[in-house]
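Undergrad: One-letter residues, chain by chain:
Number of protein chains: 2
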Amino acid sequence: MKLTILGCYSATPRTFTNPTSQVLEIRKHLFLIDCGEGTQVQLRKYKVKFSRIKHIFISHLHGDHFFGLPGLISTFRLLGRESELHIYGPKGIKEAVTLLLKLGDSWTNYPLFFHELDSSKSETLFEDDEVSVNTIPLDHRVYTNGFLFKEKPAVRKLDIEAVKEHQIDRSQYHNIKNGKNGVAKNGTEIPNVDLTEDPPKPKSYAFCSDTAYNETIIPIIENVELLYHESTFLESEAHLCSKTKHSTAKQAAIIAKKATVGTLILGHYSTRYKSLDLFKEEALEVFDNVELADDGKSFNI
Amino acid sequence: MKLTILGCYSATPRTFTNPTSQVLEIRKHLFLIDCGEGTQVQLRKYKVKFSRIKHIFISHLHGDHFFGLPGLISTFRLLGRESELHIYGPKGIKEAVTLLLKLGDSWTNYPLFFHELDSSKSETLFEDDEVSVNTIPLDHRVYTNGFLFKEKPAVRKLDIEAVKEHQIDRSQYHNIKNGKNGVAKNGTEIPNVDLTEDPPKPKSYAFCSDTAYNETIIPIIENVELLYHESTFLESEAHLCSKTKHSTAKQAAIIAKKATVGTLILGHYSTRYKSLDLFKEEALEVFDNVELADDGKSFNI
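Protein chains in written order, with the working numbering: chain A, 1 to 301; chain Y, 1 to 301.
Hints are computed from structural coordinates only; laboratory data are not their basis. A portion of the hints provided could be inaccurate.
[Claimed, not checked] In the DSS-like style, the derived pairs of lysine-lysine whose C-alpha atoms are separated by at most 25 Å in a straight line are:
1) Y:K297 x A:K94
2) A:K121 x Y:K45
3) Y:K45 x A:K45
4) A:K274 x A:K258
5) A:K102 x Y:K102
6) A:K274 x Y:K47
7) Y:K102 x A:K91
8) A:K54 x A:K185
9) Y:K49 x Y:K297
10) A:K45 x Y:K274
11) A:K157 x A:K203
12) Y:K121 x Y:K203
13) A:K243 x A:K274
14) Y:K152 x A:K297
15) A:K157 x A:K2
16) A:K102 x Y:K245
17) Y:K297 x Y:K2
18) A:K274 x Y:K49
19) Y:K94 x A:K243
20) Y:K47 x Y:K28
21) Y:K152 x Y:K201
22) Y:K91 x A:K102
23) A:K94 x Y:K94
24) A:K258 x A:K45
25) Y:K177 x Y:K164
26) A:K2 x A:K274
27) Y:K274 x A:K49
28) Y:K47 x A:K45
29) Y:K102 x Y:K121
The structure presented is a predicted model; accordingly, all values stated were derived computationally and were not measured.
Required output: the full structure, derived from the provided sequences and hints.
TA: Here it is, written out as structure tokens:
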């Protein structure tokens with residue numbers, strides 16, 4: 001699993017900072033999460049292959065999370081895309097994008113599907129054999145969801161030496177990988193644990209931006225390896241959180257601690273701060289594993 | 001008069017090239033012309049003061065001329081703008097921008113006025129004592145206007161030496177600058193030409209993008225000092241012009257020649273071409289004064 005931050009600053013794009021967008025490589029998928037203005041340029045800069053993006057998740061319809069989407073959809077058309085594109089986002093996103101395409105008489109030549117969200121409960125947006133994606137209802141000024149990306153448990157790993165030793169026929173491999181016992185050439189049943197090893201632990205990533213401090217997300221994000229939680233402000237500006245419905249670095253760390261996550265990534269910094277170090281310092285007082293998001297930075301698990 | 005090119009490439013923004021946007025300083029005004037994605041970043045990069053922009057002219061509603069507008073409007077709000085903003089563009093632009101602001105619950109805190117266009121004839125969009133702005137109906141796949149910016153003639157320049165010599169009272173200066181004769185202290189009438197000099201010739205700029213070769217614009221743009229005319233293609237790709245409703249560099253030069261303009265600026269290059277030199281060479285075969293637009297380049301008159 002690899003997360004690449006394309007942009008992680010709040011509010012408006014600037015010469016050297018970009019609004020929210022991320023790409024998550026998880027199993028065979030490449031998911032785009034949020035799409036602030038300039039995202040398509042960031043995708044090119046970090047050499048993300050446009051055709052690999054088949055699912056785009058939009059947390060909410062503030063410009064800094066969404067205004068790059070119409071341009072990206074148009075660019076896909078210009079690049080001759082033919083494969084399906086699925087967009088998951090708040091109710092209204094379809095009308096907005098459709099109107100912009102209509103005004104430019106620029107319909108896509110590829111199938112474009114909108115999955116509009118309006119539930120206040122966590123729901124499953126996408127699921128296949130490898131991965132599931134669920135919403136994380138957040139508390140912001142407009143209807144907003146975070147997203148929880150979870151790998152499914154992989155099949156058990158075949159112990160080739162053991163399988164050969166017991167002279168087990170290849171036709172059994174599929175079942176053994178899926179937990180069944182094996183049958184040796186001499187007819188003896190061999191317990192699965194003697195023929196396989198545990199697969200790698202499934203990984204998970206929770207994206208939580210934008211939101212006020214909100215403990216109701218804890219049961220949903222509990223024990224994820226990686227949590228991106230917005231930290232627009234430092235505690236010195238905590239008084240701005242209630243009006244703007246954002247969090248401080250300390251609040252993000254409290255959520256990370258209570259949810260016993262692996263690593264906390266901070267981001268969505270207000271551009272009022274000259275240095276990001278104070279965000280990390282503030283969060284480290286509460287929680288041990290803190291990383292700072294920055295445009296172009298990647299996190300591998 | 002100073003024209004700064006913020007972006008001049010067709011289609012999609014890339015790491016080092018930007019879609020169409022320009023700022024024109026003319027007398028006390030700073031007009032923004034088109035607003036492709038990333039324009040607000042370009043404005044910052046070239047240190048254009050956001051608060052000086054009071055009028056934005058949008059040629060047509062293709063993304064590469066327009067998708068930066070919602071973000072710029074939002075940024076003005078975040079910067080605490082209070083002064084009026086006037087947007088001139090094709091019918092539908094108000095609905096599109098309003099919908100995006102509504103979805104984000106992000107109304108502007110400054111007065112925002114839309115002036116929607118649907119006429120196929122040239123019309124006056126803006127006029128004050130100093131400047132006028134008129135549409136130039138273009139021939140593109142969707143409803144499109146170019147824009148003609150014209151300085152009004154300045155008042156005549158007072159010849160201070162002559163005025164003193166004739167002992168002309170200050171109270172007459174205003175009338176003399178506006179062409180009236182003066183009256184000397186001894187009662188003699190002094191012809192205006194003896195008291196004033198010609199003011200600088202009023203300047204004009206025509207912006208024509210996007211358009212197929214279209215001779216009907218010639219009477220409108222005749223004799224402008226500066227013409228920006230799109231040249232998406234070279235003659236080697238002329239066969240693409242009729243379907244896409246774009247022009248070649250040669251066609252742009254023919255228009256410049258027939259309209260006897262001062263200088264032709266080429267732009268809106270297709271990104272298929274590795275070098276821009278061929279555009280200039282092709283146009284120079286037809287017309288003498290050819291310049292290449294490029295992102296960040298300025299033209300002073």
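Undergrad: Next, verify each hint and record whether it holds.
TA: Each hint tested on the structure:
Distance restraint check for Y:K297 and A:K94: the Cα-Cα separation of roughly 38 Å exceeds the 25 Å cut-off, and the hinted pair is therefore not satisfied. Our distance criterion of 25 Å between C-alpha atoms is broken by A:K121 and Y:K45, whose separation comes to about 43 Å. With a C-alpha separation of about 18 Å, the suggested pairing of Y:K45 with A:K45 holds against the 25 Å cut-off. Between the alpha carbons of A:K274 and A:K258 the distance comes to roughly 29 Å, so the proposed pair goes past 25 Å and is violated.
In summary, the hint linking A:K102 to Y:K102 is supported, as the alpha carbons are separated by about 19 Å, within the 25 Å threshold. For the hint pairing A:K274 with Y:K47, the CA-to-CA distance comes to about 19 Å; that is within 25 Å, so the pair holds. The hinted pair formed by Y:K102 and A:K91 meets the criterion: a straight-line CA distance of about 12 Å does not exceed 25 Å. Straight-line distance between C-alpha atoms of A:K54 and A:K185 comes to about 46 Å, which puts the hinted pair past the 25 Å bound.
Annotation: proposed proximity of Y:K49 to Y:K297 holds, straight-line Cα distance about 17 Å (limit 25 Å). Distance restraint check for A:K45 and Y:K274: the Cα-Cα separation of roughly 18 Å lies within the 25 Å cut-off, and the hinted pair is therefore satisfied. For the suggested pair A:K157 and A:K203, the alpha carbons sit about 17 Å apart, so the restraint of at most 25 Å is met. Straight-line distance between C-alpha atoms of Y:K121 and Y:K203 comes to about 23 Å, which keeps the hinted pair within the 25 Å bound.
With a C-alpha separation of about 23 Å, the suggested pairing of A:K243 with A:K274 holds against the 25 Å cut-off. With a C-alpha separation of about 53 Å, the suggested pair Y:K152 and A:K297 falls outside the 25 Å cut-off, and the hint is violated. The suggested pairing of A:K157 with A:K2 holds, with an alpha-carbon distance near 22 Å, which does not exceed 25 Å. Between A:K102 and Y:K245 the alpha-carbon distance is near 18 Å, which keeps this suggested pair within the 25 Å criterion.
With a C-alpha separation of about 11 Å, the suggested pairing of Y:K297 with Y:K2 holds against the 25 Å cut-off. With a C-alpha separation of about 21 Å, the suggested pair A:K274 and Y:K49 falls inside the 25 Å cut-off, and the hint holds. Of the supplied pair hints, the one linking Y:K94 and A:K243 is violated, its CA atoms being roughly 29 Å apart against a limit of 25 Å. Of the supplied pair hints, the one linking Y:K47 and Y:K28 holds, its CA atoms being roughly 17 Å apart against a limit of 25 Å.
Distance restraint check for Y:K152 and Y:K201: the Cα-Cα separation of roughly 9 Å lies within the 25 Å cut-off, and the hinted pair is therefore satisfied. Distance hint between Y:K91 and A:K102 is fulfilled; the C-alpha atoms sit about 12 Å from each other, no more than 25 Å. Under the criterion of a C-alpha separation no larger than 25 Å, the hint pairing A:K94 with Y:K94 is consistent with the structure, at around 18 Å. In summary, the hint linking A:K258 to A:K45 is not supported, as the alpha carbons are separated by about 36 Å, beyond the 25 Å threshold.
Straight-line distance between C-alpha atoms of Y:K177 and Y:K164 comes to about 15 Å, which keeps the hinted pair within the 25 Å bound. Restraint check for A:K2 and A:K274: not satisfied, since their Cα atoms lie roughly 28 Å apart, outside the 25 Å limit. Distance restraint check for Y:K274 and A:K49: the Cα-Cα separation of roughly 21 Å lies within the 25 Å cut-off, and the hinted pair is therefore satisfied. Annotation: proposed proximity of Y:K47 to A:K45 holds, straight-line Cα distance about 23 Å (limit 25 Å).
For a cut-off of 25 Å, the pair hint linking Y:K102 to Y:K121 is broken: about 33 Å separates their Cα positions.
Checked against the numbered hints given earlier, this structure breaks hints 1, 2, 4, 8, 14, 19, 24, 26, 29; the rest are met.
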